[in-house]
Amino acid sequence: MTTVREGDVLDVTRDDGSLRRFLHGLPGVDQVGAEARAAGLATRSIKTTAKAWAIDTAIRMVDLTTLEGADTPGKVRALCAKAARPDPTDPSAPPVAAVCVYPDRVATAVDALQGTPVQIASVATAFPSGRASLATKLIDVGEAVIAGATEIDMVIDRGAFLAGRYLQVFDEIVAVKKMCGAAHLKVILETGELATLDSVRRASWLALLAGGDFIKTSTGKITPAATPPVALVMLEAVRDFHAATGSLRGVKLAGGIRVTKEAVRYLVMVKDDLLLQRHKLATGQYDGADYVSVE
Amino acid sequence: MAQSPFEYAPAPESREIARLRPSYQIFVAGKFRDGRGEAVKTINPADESPLAEIAEAGPADVSDAVTAARRAFKSWSRLPGRERGKYLFRIARAIQERSRELAVLESLDNGKPIRESRDVDIPLAAAHFFYYAGWADKLQYAGFGPAPRPIGVAGQIIPWNFPLLMAAWKIAPALACGNTVVLKPAETTPLTALVLAEIIAEADLPPGVVNVLAGGPAIGHAIVESEGIDKIAFTGSTEVGKIIQRSVAASGKRVTLELGGKAANIVFDDAPIDQAVEGIVNGIFFNQGQVCCAGSRLLVQESVADEVVAALQRRLATLRVGDPLDKNTDVGAINSAAQLARIRELADAGVDEGATRWSPPCDLPDRGYWFAPTVFTDVAPAHRIAREEIFGPVLSVLTFRTPDEAVEKANNTPYGLSAGVWTEKGSRILSLAGRLRAGVVWGNTFNRFDPASPFGGYKESGFGREGGRHGLAAYLESEGFLGD
Numbered sequence: 001m002t003t004v005r006e007g008d009v010l011d012v013t014r015d016d017g018s019l020r021r022f023l024h025g026l027p028g029v030d031q032v033g034a035e036a037r038a039a040g041l042a043t044r045s046i047k048t049t050a051k052a053w054a055i056d057t058a059i060r061m062v063d064l065t066t067l068e069g070a071d072t073p074g075k076v077r078a079l080c081a082k083a084a085r086p087d088p089t090d091p092s093a094p095p096v097a098a099v100c101v102y103p104d105r106v107a108t109a110v111d112a113l114q115g116t117p118v119q120i121a122s123v124a125t126a127f128p129s130g131r132a133s134l135a136t137k138l139i140d141v142g143e144a145v146i147a148g149a150t151e152i153d154m155v156i157d158r159g160a161f162l163a164g165r166y167l168q169v170f171d172e173i174v175a176v177k178k179m180c181g182a183a184h185l186k187v188i189l190e191t192g193e194l195a196t197l198d199s200v201r202r203a204s205w206l207a208l209l210a211g212g213d214f215i216k217t218s219t220g221k222i223t224p225a226a227t228p229p230v231a232l233v234m235l236e237a238v239r240d241f242h243a244a245t246g247s248l249r250g251v252k253l254a255g256g257i258r259v260t261k262e263a264v265r266y267l268v269m270v271k272d273d274l275l276l277q278r279h280k281l282a283t284g285q286y287d288g289a290d291y292v293s294v295e
Numbered sequence: 296m297a298q299s300p301f302e303y304a305p306a307p308e309s310r311e312i313a314r315l316r317p318s319y320q321i322f323v324a325g326k327f328r329d330g331r332g333e334a335v336k337t338i339n340p341a342d343e344s345p346l347a348e349i350a351e352a353g354p355a356d357v358s359d360a361v362t363a364a365r366r367a368f369k370s371w372s373r374l375p376g377r378e379r380g381k382y383l384f385r386i387a388r389a390i391q392e393r394s395r396e397l398a399v400l401e402s403l404d405n406g407k408p409i410r411e412s413r414d415v416d417i418p419l420a421a422a423h424f425f426y427y428a429g430w431a432d433k434l435q436y437a438g439f440g441p442a443p444r445p446i447g448v449a450g451q452i453i454p455w456n457f458p459l460l461m462a463a464w465k466i467a468p469a470l471a472c473g474n475t476v477v478l479k480p481a482e483t484t485p486l487t488a489l490v491l492a493e494i495i496a497e498a499d500l501p502p503g504v505v506n507v508l509a510g511g512p513a514i515g516h517a518i519v520e521s522e523g524i525d526k527i528a529f530t531g532s533t534e535v536g537k538i539i540q541r542s543v544a545a546s547g548k549r550v551t552l553e554l555g556g557k558a559a560n561i562v563f564d565d566a567p568i569d570q571a572v573e574g575i576v577n578g579i580f581f582n583q584g585q586v587c588c589a590g591s592r593l594l595v596q597e598s599v600a601d602e603v604v605a606a607l608q609r610r611l612a613t614l615r616v617g618d619p620l621d622k623n624t625d626v627g628a629i630n631s632a633a634q635l636a637r638i639r640e641l642a643d644a645g646v647d648e649g650a651t652r653w654s655p656p657c658d659l660p661d662r663g664y665w666f667a668p669t670v671f672t673d674v675a676p677a678h679r680i681a682r683e684e685i686f687g688p689v690l691s692v693l694t695f696r697t698p699d700e701a702v703e704k705a706n707n708t709p710y711g712l713s714a715g716v717w718t719e720k721g722s723r724i725l726s727l728a729g730r731l732r733a734g735v736v737w738g739n740t741f742n743r744f745d746p747a748s749p750f751g752g753y754k755e756s757g758f759g760r761e762g763g764r765h766g767l768a769a770y771l772e773s774e775g776f777l778g779d
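Here the protein sequences come in this chain order: D and R. With my numbering, letter number 131 in the first sequence gets 131, and the count goes up by one each step, no holes. Converting from the second sequence to my numbering requires adding 295 to each position, the first position being numbered 1.
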């Protein structure tokens, strides 16, 4: 007996076959054309007021992140201070969106960020490989949420996705979403391991159908991370999902964005390709040297 | 949809870069001089302000230029290919060095966005010179016999839509093959061709190898009729092409014509829709649709027609129409009042004949020649907007149900210059490419140009090919060779 799964507004997850048919029925992505469009948008010239707005917006979308085995409470506290006041010499610089840490460092961040608007994000689900049992992943998520994380960054099981076991990936995201409770769920697709833009489009839809609040490009541990064509395809998936369901989700770009200009280019993409009046887009690991002090 | 909080600030390219001068002269026998025709002003189509005065050529200048070209032909045609190649390489490099100046000048004179003149027109013009420079010393291996000979003096008449690029398309292969040239740029856009003449003079080309005559139809006519001309190469309207064809009949002159078009851009239901929409936009709004190979008829499979048209309309709302010198402008000004009047007349005819007209909301400047990007749906194949070349930013959308119907509709036009096919099925692209009566068929792209790729038409779109090895044929006498 199959039932419609929770949150499946499009009724495409009754079984593996129907989900596969839906994902494989999405229009293809022509890689050459997508790359050309992304390159074309990169020639936009963003000056004066537009540039100032874009830089502030980019800063507001950053998750300052430390995901190292050597993370100490001291390092996390320093990162939190920088998140709340990215430029101590300029009080008008906005705070970043969030600080992102491993679950066992969440408590330190919660403590350090009290009274600030900065969110606490935690990677979970056996980050970055995702190679663990679902039970283990859920415990990972639960611990982060209990410690006070307001955003969970999960990784999808790329192995299952590439093997075509889409429903397994879907069910896992749904289970994690449930475990998140009120916390926002970002679903990391690790696009560098998906290889083709067709796969990026399918994985994006899969994650959106399963209830991800954001779809996120990368863990930051794999190269390539966020690239303009990948971002374009993910943004288009959010746009089309919004058109199909009325539900507006976010895209988060992570890794690979090193300078202000690149961050601005992604904002141009949101403006010129999506026409969304309201958008949630975040750039990852932003260290525009002009505006944020580098640790 | 509410205003985006992200509004682009103006990002204009500086007009100073064009090094605009108050007056420009024609180039005859290696010298700049005032033409003996009328002095006319060329204007900026974006605001109707005068840019510069040009002392246009008169009939006596045509005869001087032809005489100079004839004289120069004797030695130029005997120069070893590698020497001719050196001159062409020099011109190519100089175009690159002065690319910003040429781009701004082109946008001022033509009305096209700086993004296009900077990223398309000027780099491609340089690329054509580089490409044919490479052929100059390899003509005996090009497949036209062991010792192909140049034709003589080429009279070349070019249009206003890609002024410098068309000059490059014409001059580069002619010189590489050993011909000499009398070039006439279009009356509304002479400036970049005259700066190219400067570059040619600075490259020390022997006097008379290239002559540039600014002027109107009368000068074009004088070139076509001139007895000292061996070959006419014309790019422009089918109407004028027919006149030229009649005029040179039985004169012994060789002719190549690159004329109008009414290209079909065919979108199948399995197409990569987002990229197809980009291709449709690029096909018809590139250079304000003033492109002979523009994809002015969208043929979309009925099963995805609504989806594609909706996506297209959403995309058009992001097109930025306005100041051609702003680096963020996507659609610039129409080149002339006459052209604007023609576009308006045909668009009005579309409404009268019952098609549905749509344009995105956009504020057009008060002065200058402007036409909003326009899409017609509910178009029948018999409508004028589905048959006649509009040469403007106006797309006619028609539908089809089967591949056979798509081919039939695409070929149902007196023209045959280009076509586009959008499908994820590679076999279908190949099968359609063989059945479409068009000189250029693009698969999952549109309006892509490369000097190595031949370009030209079938039927009333003309004959002869420009670009690639094929482009050499227009400037060579093939020669058989038997001997021991």
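Just so you know, these hints were derived from the structure itself, not from any lab. The beta-carbon is built from N, C-alpha and C at its ideal position, and this holds for glycine as well. There's no promise every hint is true.
Claimed, not checked - A few chain D residues that face chain R, going by a derived Cβ cut-off under 10 angstroms, partial list only: (1) 27; (2) 30; (3) 34; (4) 43; (5) 75; (6) 139; (7) 143; (8) 146; (9) 150; (10) 178; (11) 259; (12) 261; (13) 262; (14) 265; (15) 271.
Outcome of the hint check:
no.	hint	result
1	27	4 angstroms, holds
2	30	4 angstroms, holds
3	34	6 angstroms, holds
4	43	6 angstroms, holds
5	75	34 angstroms, violated
6	139	40 angstroms, violated
7	143	38 angstroms, violated
8	146	37 angstroms, violated
9	150	24 angstroms, violated
10	178	33 angstroms, violated
11	259	19 angstroms, violated
12	261	14 angstroms, violated
13	262	16 angstroms, violated
14	265	12 angstroms, violated
15	271	5 angstroms, holds
The structure fails to meet hints 5, 6, 7, 8, 9, 10, 11, 12, 13, 14 from the earlier list, while all remaining hints are met.
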